[in-house]
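Heads up: the protein sequence lines correspond to chains A and B, in order.
Each step along the first sequence adds one to the number in numbering that gives the first Met the number 0, with nothing skipped, and position 265 is 264.
Each step along the second sequence adds one to the number in numbering that gives the first Met the number 0, with nothing skipped, and position 6 is 5.
Some hints could be false.
No copy is singled out in the list; a pair is fine if it fits within one copy or between any two copies.
What the hints assert, rightly or not - Restricting the straight-line Cα-Cα distance to at most 27 Å, the calculated cross-link-like pairs of lysine-lysine (DSS-like) are:
#, residue 1, residue 2
1, LYS287, LYS127
2, LYS158, LYS172
3, LYS323, LYS76
4, LYS123, LYS323
5, LYS323, LYS172
6, LYS87, LYS76
7, LYS317, LYS123
8, LYS69, LYS97
Since the hints were made in silico from the structure, they are not lab data.
2 protein chains.
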Amino acid sequence: MNRLERAIQHLHENDMGCALVSKPENIYYLTGFFPHASSLLILDSEPVLLITKMDSTRDITSAVDYEVVKDFKDRLKAIKEKKIGVEKGRLTLSFWEKHLRGKELLDLGFLEEMRAVKDRGEIKEITKAVEVTEECLGGVSLRGTEKDAALTIEVCLRKAADSAFEPIVAGGKNSAVPHHRPTDGEIAGPVIVDLGARVNHYCADMTRTFLLDTEEAVERYRIVLEAQEAGIRQARDGNEIRAVDRAVREVLAEYGYLDDFLHSSGHGVGLEVHEAPTLNSEAEGSFKKGMVVSVEPGIYRDFGIRMEDMVLVGKRPKLLTSFKR
Amino acid sequence: MNRLERAIQHLHENDMGCALVSKPENIYYLTGFFPHASSLLILDSEPVLLITKMDSTRDITSAVDYEVVKDFKDRLKAIKEKKIGVEKGRLTLSFWEKHLRGKELLDLGFLEEMRAVKDRGEIKEITKAVEVTEECLGGVSLRGTEKDAALTIEVCLRKAADSAFEPIVAGGKNSAVPHHRPTDGEIAGPVIVDLGARVNHYCADMTRTFLLDTEEAVERYRIVLEAQEAGIRQARDGNEIRAVDRAVREVLAEYGYLDDFLHSSGHGVGLEVHEAPTLNSEAEGSFKKGMVVSVEPGIYRDFGIRMEDMVLVGKRPKLLTSFKR
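Excised from the complex, chain A in its bound form (with noise of 0.2 Å):
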């Protein structure tokens, strides 16, 4: 079964009369077509892919039927199904009163973990995010100020495929800050670089700590590698995926630095730079063959370290990123 197929099968299995799924992400996986503009999926046995003008003058390529629509009202309004599948986490308040009142709504929960475990051609668009990844990791220099790093990183992407995300450049104090906007200042040590190129809508997302000038950045870079080899052994097939988040801060916990672990211990890489399984002590479920996971254990007081890396679970895990620890 395709997963077309399969998801209109989780739908019946449900209940579910249909689905609207709408983030261009969940679009792409089931359809083929990445959508730029608003598009609507409307899925059930017979799906049509309702696509905006804005759409319209693209080569449009999908595994379901299209239309050009000005808008999704009439066929919104033409649903006579009660129990509808969407995106909760993504649906607004607004779409909900215009267009869906009276209805029950479950959630599509179920695309995203069917994302989670990724098939053969998506671990090799991801592998070759990686290799784009790495290549402009090991071209980093490290003079200059935090933009110029984070542009040079940047246009690096760019150049052979796609950037992820804004690189993050975040050196001295800055590196406390795990979501640091790079600023025009001089690059200090220690600096934490984040970065992830795209290729074929697939993501990569890895972090390195460099300049490690004190004797004190040194010993905490060993505690959070160790804290990330920790949570890596428990990204295997069958295990819990909380064990992951578990193993990281019981290390962090046993050198005191638990309280300054101000994110979860990881997340997946797939079609998002976050997507699901979410490696915190909230995650539910095992994990699965085939989900690829980024392990990223950091302390932050003061200055920053922070190491993340992306996992393949299988029967044990397996790395894919490579650049030295």
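Fit chain B to the known structure of chain A by using the hints.
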């Protein structure tokens, strides 16, 4: 009265017990703090800004008191008021189900309306963004691939300030796609270049079409220019907002190109590249002195022509962009 006081007054006048503001641009507008991670401003007589851990290690300057929180759960649970203002176009169904069931929710559209009218400081920032934009547009080279040209523009914008969005370079048949993503193909004529700088959070947005290599392209260019000028003339204090779109479409219709215009005639530009007001046929209300809008008619048939300039609304429309058309 400052922005914050005006916003609170609006709540009181509309019987809202409080408001929840989550859009980063709205939070910045009211508090001076631009969140990078998820934040929530609880707006009432004693507003408080809730900042999550990921932003907690940044230098925080805010016009209102702030607290660093793990999540918003407890603070949202404590809200006793029944009538609450929210950003309905942004609030997701998940968030509503988790935190706001049973409340009467009113839309905070008035915040977007407030932001639509710029004060002197904002116009200064926008003017700077326009300057950077025009400098980079002036330096653009239309040799090589679309991707190279777009990247060169982006580097120029980033070096001077920041890029408000990924520049579009769309040549030949690609120019028929309004939101085309630059390819590895060599640039062909006619080529649409759409770019904008961001300076201190404020955006610019402008478009030019170059390499008019056929008579038909030159002819269409004249029509688009005529439509744009007709539209711009309507952007006057007190005039109906929809008058711009009407004027633009009248000219395009006259030459038989009405169906080849695939988007609205323009939009507000400020903290967001696209913000209120939207210049389409459904626009309500009147222009006010201090609004900043782009006017951007286009014709997309086989190939595309688009022209976009930014206008400051006053007794007369004042062009902020000056790049030759």
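Checked hints:
For the homomeric pair LYS287 and LYS127, the shortest alpha-carbon distance inside one copy (22 Å) is at most 27 Å, but the shortest distance between copies (51 Å) is not. Taking the shortest Cα distances, LYS158 and LYS172 sit within 27 Å of each other only across copies (23 Å), while inside one copy they are farther apart (31 Å). Taking the closest pair of Cα atoms, LYS323 and LYS76 never come within 27 Å of each other, the shortest separation being 56 Å inside a single copy and 47 Å across copies. With identical chains, the CA atoms of LYS123 and LYS323 are at most 27 Å apart within one copy only, with a shortest distance of 22 Å there and 47 Å across copies.
Only within a single protomer do LYS323 and LYS172 lie at most 27 Å apart by alpha-carbon distance; the minimum there is 24 Å, versus 45 Å between protomers. Taking CA atoms no more than 27 Å apart as the test, LYS87 paired with LYS76 passes in both settings, with 19 Å inside one copy and 20 Å between copies. In this assembly of identical chains, LYS317 and LYS123 lie within 27 Å of each other by CA distance solely inside one copy; the values are 14 Å within and 53 Å between copies. For a Cα distance limit of 27 Å, the shortest separation of LYS69 from LYS97 inside one copy, 16 Å, qualifies, whereas the shortest one across copies, 33 Å, does not.
Of the hints listed earlier, the one the structure fails to meet is number 3.
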